[in-house]
Structures are given as structure tokens and as C-alpha cells.
Amino acid sequence: ETGVTQTPRHLVMGMTNKKSLKCEQHLGHNAMYWYKQSAKKPLELMFVYNFKEQTENNSVPSRFSPECPNSSHLFLHLHTLQPEDSALYLCASSQDTTGPSSGANVLTFGAGSRLTVL
Amino acid sequence: GDSVTQMEGPVTLSEEAFLTINCTYTATGYPSLFWYVQYPGEGLQLLLKATKADDKGSNKGFEATYRKETTSFHLEKGSVQVSDSAVYFCALFSKDSSYKLIFGSGTRLLVRP
Chain A
160 ETGVTQTPRH LVMGMTNKKS LKCEQHLGHN AMYWYKQSAK KPLELMFVYN
210 FKEQTENNSV PSRFSPECPN SSHLFLHLHT LQPEDSALYL CASSQDTTGP
260 SSGANVLTFG AGSRLTVL
Chain B
5 GDSVTQMEGP VTLSEEAFLT INCTYTATGY PSLFWYVQYP GEGLQLLLKA
55 TKADDKGSNK GFEATYRKET TSFHLEKGSV QVSDSAVYFC ALFSKDSSYK
105 LIFGSGTRLL VRP
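From first to last, the protein sequence lines are chains A and B. Going left to right, the first sequence walks through residues 160 to 277 as our numbering numbers them. Going left to right, the second sequence walks through residues 5 to 117 as our numbering numbers them.
It should be emphasised that the hints constitute simulated quantities derived from the structure, not laboratory data. For clarity, every value in this text was computed on a predicted model and none was experimentally measured. Even for Gly, the Cβ is constructed at its ideal location relative to N, Cα and C. Please note: incorrect hints may appear among the correct ones.
Unchecked claim - Straight-line Cα separation of at most 27 Å, BS3-like style, residue types lysine-lysine; simulated pairs:
id	chain 1	residue 1	chain 2	residue 2
1	B	K72	A	K200
2	B	K81	A	K211
3	A	K181	B	K72
4	B	K72	A	K178
5	A	K195	B	K104
6	B	K81	A	K199
To be verified - Chain A residues, not near chain B, derived (Cβ > 10 Å throughout):
id	residue
7	Q165
8	V265
9	T267
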């Protein structure tokens, strides 16, 4: 497989459940990102990992817990979510986090995991 | 802080019509600018980019010119197709926002046969 793969594509969970979203990239990138996409709102950056180290937590509630065991895998652990957390969660990767001005550091996105919290 | 403003959609056009989706930005310094496209059921894909003033990004018949004087990066296509129906996102990256890619809220385009 190539590109960025996210599983599951769809997830329905209750507010007391614990679930995880998985992201895997086969591009040899060193940086990985979680974004939240809600209807009629700009994409919200949640977390950034660079060389497995978390470099950004954009004031995300603790009910979202990221994990990056290696540069190819990124998880988002979910527990005691709220209905307003229902959204499309997008994973992305890039060469690193020095920025895309060089032309090589463009973000590649996965297809997303559609989360519904009941 | 840095921000991107896009025209609200949806934009509905007939096939072969001319497309313009407006994008303006606010940023300190000299950002790089991007257009991403999201087809139904898929993630975002880079459509085109421009890294300095007066650069023109182009891909698949789409074009956008980096206009520093008007802080704009409008997306244009001369003749749209039904397959262009998607959501289009304008985005910027600047040194002052570190590695954060700042996105607009997206503009949905619907092309009718």
C-alpha cells in the first residue's frame, strides 16, 4: 500500500466507550498530524508528531489521547467523548515539520475516519 | 494570527462554465499558499501551490496566482467538468505559524451536466 491509510473509515460509539483511530503512512515521512473536520468550520489541527515526538497539542481535551509508536503509525485514542466530538478525523503526514516552502514538505492526507458519538 | 478567508458556498455551475473561488489571507511575513481539494468520501489532496509573490500554481486546468498586493490567491478554471464537484480548501503556511498549515473553511463546488 502507498499513501496514508486510516482505519476504521466509520465509527459509531457511545459516550462511555473507548475506541481508537489508526493511521499508517508508507511514504517514509517523519511528521504526522491529526486534524478534525466539522461541518462549516475550518480544519482544526489537533496534534503534531515529528520524529515520534509530540510537538503540538492544540488545546485538545484530554478525552483525545494521541500515540505515535514510530514514524509510520499514529493513533488517536478516544474515551468518554461528547456528541459534539462527532466529526471527520483526518490524518496527514509530511517529510518533517520544517515547512512546505521547499516544495517537498507538502501534507498528504488520509481519507479520514468518520466518527459519530451517540 | 494568520488566517484564510474563502467565499462561502455552495457554488453551483453548469458544465464548461468559468470558475472562480475567492481566497484572501492575513499573515505576517511571506507565506506559502495552497489549494487542496476534497472529493466525496476522500481526504484532502494538494491541487496546487505557490511559494512567493507573483507565482502561479497550476494543475488539472486549475490556476491560482499569489497576489501579495491584494493578499489573495483566487482559484480559477476556464471550463469546469462534473468531475470537478468537490470541496476546495485554501491554505497558508508561514514561518510565523511554524509547521501549522492554516486552512479556510472550504468552498463546495457543484457542477451540473
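So, going through the hints one by one against the coordinates:
no.: 1; hint: B:K72 to A:K200; result: holds, 26 Å
no.: 2; hint: B:K81 to A:K211; result: violated, 40 Å
no.: 3; hint: A:K181 to B:K72; result: violated, 40 Å
no.: 4; hint: B:K72 to A:K178; result: violated, 45 Å
no.: 5; hint: A:K195 to B:K104; result: holds, 14 Å
no.: 6; hint: B:K81 to A:K199; result: holds, 24 Å
no.: 7; hint: Q165; result: violated, 8 Å
no.: 8; hint: V265; result: violated, 5 Å
no.: 9; hint: T267; result: violated, 8 Å
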